[in-house]
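Each chain, written out:
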Amino acid sequence: GEDVEQSLFLSVREGDSSVINCTYTDSSSTYLYWYKQEPGAGLQLLTYIFSNMDMKQDQRLTVLLNKKDKHLSLRIADTQTGDSAIYFCAESRAGRRALTFGSGTRLQVQP
Amino acid sequence: DGGITQSPKYLFRKEGQNVTLSCEQNLNHDAMYWYRQDPGQGLRLIYYSQIVNDFQKGDIAEGYSVSREKKESFPLTVTSAQKNPTAFYLCASSIKATDTQYFGPGTRLTVL
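Chains as they are written, first to last, in our numbering: chain A, 2 to 112; chain B, 546 to 657.
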């Protein structure tokens, strides 16, 4: 199965909070990342969390990490139409050659 | 400005032709990567390089080739052996392997 899993699609109304979820399988993950991809563009690093942390907040973004359940979430407060994009979760593991990415969650923000 | 550049942004190729996609970084990163992205799918690793003059195959290396003669450059050649090359190609770099990766803007390759 996939090392990193995400739901495919999320739709929210402008001004609401969005929560994008990710699960991973390897407890040896060191860092976990959230990237944003707008149409036709590369991936933009949004934020990351070290595996010994539970939470990280950066302006409208809040990352929660539940290591017991191997669950990572990204909460976007006051979601705007400019937040419409695909969001990728990724993990880093010691000894692995590169990051492992999920398949991405498409966030649609309705006005 | 520090960053990663990819060129061209759009590329069209006839069947049977080889094409080379450019990736340059001025971040002084040791590691560089090439990914392929198909519509509605995640990223798949083609090749990666942890240091100059060294590179390794990723998950889908067949039909592709790379070189790493300079630290700042990691070109990808899509050969005629690649059966379905139409896709969006992303280059990334990191200080070292498994560190935070930074991405270029991508090249969209279309085979006519």
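One or more of the hints may lead you astray.
Keeping only pairs whose Cα atoms sit at most 30 angstroms apart, straight-line, the calculated DSSO-like set for lysine-lysine is [stated by the list, open to error]:
1) Lys554/B to Lys69/A
2) Lys616/B to Lys641/B
3) Lys616/B to Lys37/A
4) Lys57/A to Lys616/B
Examples of chain A residues toward chain B, derived with CB under 7 angstroms [said to hold, decoys possible]:
5) Thr48
6) Lys71
7) Arg98
8) Pro112
Derived, one-sided and incomplete: chain A residues facing chain B with beta-carbon distance under 7 angstroms [as the list claims (entries may be wrong)]:
9) Pro40
10) Ala42
11) Gly43
12) Leu44
13) Arg61
14) Leu100
15) Phe102
Because the hints were derived from the structure by calculation, they are not lab data. Fair warning: this is a prediction, and the values are worked out from it, not measured in the lab. All C-beta atoms, glycine included, are put in the ideal place defined by N, C-alpha and C.
Hint by hint, here is what the structure shows:
no. : hint                 : verdict
1   : Lys554/B to Lys69/A  : violated, 42 angstroms
2   : Lys616/B to Lys641/B : holds, 12 angstroms
3   : Lys616/B to Lys37/A  : holds, 27 angstroms
4   : Lys57/A to Lys616/B  : violated, 33 angstroms
5   : Thr48                : violated, 11 angstroms
6   : Lys71                : violated, 18 angstroms
7   : Arg98                : holds, 6 angstroms
8   : Pro112               : violated, 24 angstroms
9   : Pro40                : violated, 11 angstroms
10  : Ala42                : holds, 6 angstroms
11  : Gly43                : holds, 4 angstroms
12  : Leu44                : holds, 4 angstroms
13  : Arg61                : violated, 21 angstroms
14  : Leu100               : holds, 6 angstroms
15  : Phe102               : holds, 5 angstroms
Hint violations for this structure: numbers 1, 4, 5, 6, 8, 9, 13, all remaining hints satisfied.
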